[in-house]
Amino acid sequence: MSPPRFVGAPVTRREDARLLTGRATFVDDLNIPGVVHAAFVRSPHAHARIKRVDVSRARAMPGVLAVIAGHDLDLPPLLLRMGSPIPGTELRAAPRLALPRDKVRHVGEAVAVVVGESRYLAEDARDAIVVEYEMLPPVVSPAAGVAPNAPLVWDELGDNIAAHIVQRVGDPDAAFAAAPHVLRETFRIVRGGGHSMEGRGLVARYDGTLDSFTVWDATQMPHAVRNTLAILFGMPEDRIRVISPPDIGGGFGPKGGFYPEEAVVPWLARALGRPVKWIEDRHEHFTSAAQERVQVHETAIAFDGDGKLLALRNVFLHDTGVSGILVTPLITSCTVPGPYRIRNIHTEFRAVYTTLQPTGAVRGAGRPQATFVMERMMDRMAEHLGLDPAEVRARNLIQPDEFPYDVGLIFRDSARQVYDSGNYPELLRRALEEIDYRGARAEQGALRARGRYRGIGIALCVEGVGFGPFEGAVMRLNARGRVVVSESAPPQGQGYQTTFAQIAADAVGVRLEDVDVVTGDTAAVPFGTGSFASRVMANAGPAVLQAGRVLRERILSLAGFLLEAAPADLEIEDGRVHVRGAPMRSVSLVEVARLGNVGRGFGFSLPAGVQPGLETSSYFAPPQAGYSSSIHACVLDVDPVTGVVEIVRYVVGHDCGTLLNPLIVEGQILGGVAHGLSNALYEEAVFDEGGQPLAASYLDYVLPSAREMPRVRVFHLESPSPLNPLGVKGAGEAGTLPVTAAVAGAVEDALRPFRVRINSVPLNPSRISDLVHGQ
Amino acid sequence: MTLTRAIRVRVNGQLRDAIVDVRLTFADLLRATFQLTGTHLGCEHGVCGACTVLLDGEAVRSCLLLAVQVDGADVQTVEGLAPDPDHLTPLQAQFVEHHGLQCGFCTPGILMTLTAALRDNPHPDETEVREALAGHLCRCTGYQGMVDAVLAHVRHGTGGAR
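Protein sequences, first through last, are from chains A and B.
Using my numbering, you'd call the opening residue of the first sequence number 1 and step up by one each time.
Using my numbering, you'd call the opening residue of the second sequence number 1 and step up by one each time.
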């Protein structure tokens with residue numbers, strides 16, 4: 001193979017031009033003839049019995065095609081049995097109807113749906129539906145969920161425990177008993193949402209002649225949606241095509257999984273014989289899209305007088321909401337040890353159902369909480385021993401010669417948590433240099449003397465990414481001599497059409513502009529997993545690479561026949577295949593495609609040994625997760641009077657293995673930092689004691705704008721992963737992970753004269769004011 | 001209850017007539033009636049800025065106006081900036097160069113705000129660029145790429161948004 005020409009280069013994105021000129025196709029932009037519009041009636045209560053749903057007035061309203069409540073919907077319950085990666089454990093879940101018949105379990109739960117000729121008419125009728133409720137006591141925190149005699153979210157389960165998982169490494173009890181120093185803390189992490197700028201949404205069309213569905217769904221997981229619909233409708237999966245539109249307006253986790261609306265809208269399309277569209281509005285995103293992050297951790301570390309960690313005990317409650325996934329708290333429990341060598345670990349969590357909206361994964365998926373917990377403990381250990389926070393970290397880092405490093409836990413991919421590669425000491429060294437750590441420490445005292453409260457924070461993390469089970473790629477040479485790459489996972493802004501073109505162009509040996517990329521269409525690649533967990537490049541990347549190598553062989557073999565030359569003597573250049581050293585002896589890729597995909601003529605036999613069909617498919621399944629690593633360092637000032645935090649310098653060091661496109665990776669990091677900074681300083685999904693969301697608009701739920709975001713400096717290390725032929729790991733979430741920890745550390749450092757203890761975020765002005773005043 | 005009105009609007013230089021429900025939003029007029037789907041709806045309560053267009057030259061939230069309110073107005077949307085995707089404006093080209101967009105959902109509104117802002121202040125510094133963008137939410141980029149794109153555009157002296 002010749003060296004890569006495109007992989008590793010900062011190729012600008014081919015997606016951009018259509019997005020910049022308003023020519024993109026998001027799901028709400030699809031103009032499907034005959035389409036009608038759905039609007040959902042949603043519960044105003046966190047927990048209530050449904051006594052009566054009166055749709056009579058709504059059904060009679062103009063432009064209304066259907067009004068459907070739970071009893072009208074003949075679909076089996078949504079019960080997605082996902083095995084637990086940890087043997088002997090499970091996610092306990094009750095069957096859930098897409099539209100409930102008995103009771104509602106969170107504010108915003110869909111109770112009924114109206115289909116109208118326009119969204120306006122559908123919403124008119126929605127407001128004419130009367131639902132009578134009998135109030136039930138809500139469960140608004142995981143602690144309330146495990147309290148004695150707590151109300152039951154799911155009566156069938158008998159309690160509110162969704163999962164209880166314990167993992168142990170070494171002998172933590174003995175290590176704690178013998179340790180010279182032990183510190184204990186409680187950490188509380190609050191809820192946040194995904195807040196992609198485009199909400200969820202889908203259009204479903206049913207074709208009665210073929211008994212088949214086409215569903216355009218702004219989902220991160222088209223194959224999972226297709227498979228679930230096949231079960232719900234009792235149809236073979238081949239007759240359901242789910243397409244994630246090429247343009248999806250961000251995902252960040254909540255567009256993964258399967259929601260009630262994704263069952264109801266296709267059902268309506270079949271029942272009505274009309275295409276049906278539903279587009280989530282922002283209020284619905286606030287109350288019905290998955291959120292994440294609420295956890296309460298009881299953490300203890302044991303260490304010696306030199307600041308060497310001896311043992312870790314971390315026990316936490318996780319708010320699963322009305323429904324959720326097992327893997328998010330499991331990821332938290334595995335991510336706590338991070339880059340540190342800890343031989344004795346006790347990690348334990350209980351995931352608890354509450355009458356709050358569903359949870360799932362939000363950028364980071366359990367990892368930001370873990371990083372917050374561990375890095376706060378590292379700061380506390382430094383303080384306890386009177387050591388520099390950077391120094392205590394350095395003393396505990398896993399060294400470059402220790403890879404592969406077995407943490408001793410089972411990770412969420414069911415494989416042992418074995419770190420594949422990395423260089424954590426170099427991350428730390430370089431970050432301290434880039435942030436001018438010594439300089440910052442030196443000026444801190446002088447500034448404080450002048451009444452300026454400056455703090456420095458550092459946080460590291462190791463992030464399990466790129467795990468399976470697999471992704472797939474189908475590749476062909478079409479009649480115009482273009483390489484068409486279909487890849488199973490859909491993008492939500494990550495630039496797949498560019499990056500996969502880079503991989504394919506190198507693998508086949510063609511120009512970048514000769515490659516077309518199709519993403520997230522179950523008809524193009526029959527099997528796939530989806531875009532989440534920073535996993536696509538380590539799965540679909542190698543699949544595209546493998547398919548490209550096979551396609552190249554096929555092209556050269558057919559061209560060899562046409563040119564009467566050995567394939568090994570051929571080269572591909574500028575859309576033609578020629579004999580090396582004899583550029584006049586050449587055929588175009590169009591001619592090769594004609595021979596391979598059409599034949600020499602109708603009814604003409606192909607010569608022996610020439611394989612027809614310039615198409616190949618390839619799947620790649622990594623043996624385990626790869627482990628990216630990163631460090632964030634920040635210098636900030638806190639105004640103890642106004643409570644305002646001003647970031648002075650912010651540095652990110654990141655190692656996700658081989659960089660396929662540095663421009664795109666850096667963009668992923670910068671966006672992740674913005675999300676993390678938002679968690680650190682601004683956003684919080686607040687609920688009152690009745691389970692009512694109190695921050696359900698952008699007036700109350702604050703996201704940072706360009707004015708609030710600091711300039712962020714990013715540097716990369718490249719420790720290739722041995723787990724796939726590209727050496728790639730994953731980068732989508734990394735930017736988010738250490739931010740809350742780094743910012744909390746820096747704010748606590750800045751406010752040391754006030755002896756503040758920061759064990760939770762967001763650190764908004766009122767919170768900082770409370771801390772300064774000892775509340 | 002569906003009262004209608006006839007309106008006439010100049011959109012991207014072209015006069016267009018429509019009979020609209022009085023409650024139709026300006027954003028839906030553009031997206032549904034005129035099929036100009038480059039203008040996006042992110043929050044429908046006037047905070048995210050994705051639906052920003054130029055109304056008689058000023059950047060406005062099209063989700064907060066009714067179609068009947070723009071009768072007789074001159075409107076510019078993202079579709080009116082460049083003739084086609086192969087001929088980007090200099091500012092759009094800098095967005096490509098500096099990775100100023102990811103999912104691109106918020107981008108059209110941002111371009112329209114910048115069109116007005118750079119007309120009024122053709123040589124903003126970084127603080128002024130960030131101030132100009134402060135009425136927009138982007139969840140993908142952290143804004144740094146788009147800030148760099150605007151600064152490069154200003155530096156290269158192409159001036160204004162074109």
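Mixed in with the good hints there might be a few duds.
Stated by the list, open to error - Not everything, but these chain B residues come out facing chain A in the computed CB check (under 8 Å):
| hint | residue |
| --- | --- |
| 1 | V22 |
| 2 | E44 |
| 3 | D84 |
| 4 | L101 |
| 5 | F105 |
| 6 | R139 |
To be verified - DEER-style ranges, computed between Cβ atoms:
| hint | chain 1 | residue 1 | chain 2 | residue 2 | range |
| --- | --- | --- | --- | --- | --- |
| 7 | B | D71 | A | G451 | 52 to 62 Å |
| 8 | A | V644 | B | G157 | 35 to 45 Å |
| 9 | B | A18 | A | F602 | 51 to 61 Å |
Hints in this document: simulated from the structure, not taken from any laboratory.
Beta carbons are placed, not taken as given, at the ideal position from N, Cα and C, and that holds for glycine.
Verification of the supplied hints:
no., hint, in the structure
1, V22, "violated (11 Å)"
2, E44, "holds (6 Å)"
3, D84, "holds (7 Å)"
4, L101, "holds (6 Å)"
5, F105, "holds (3 Å)"
6, R139, "holds (5 Å)"
7, D71(B) <-> G451(A): 52 to 62 Å, "holds (57 Å)"
8, V644(A) <-> G157(B): 35 to 45 Å, "holds (36 Å)"
9, A18(B) <-> F602(A): 51 to 61 Å, "holds (53 Å)"
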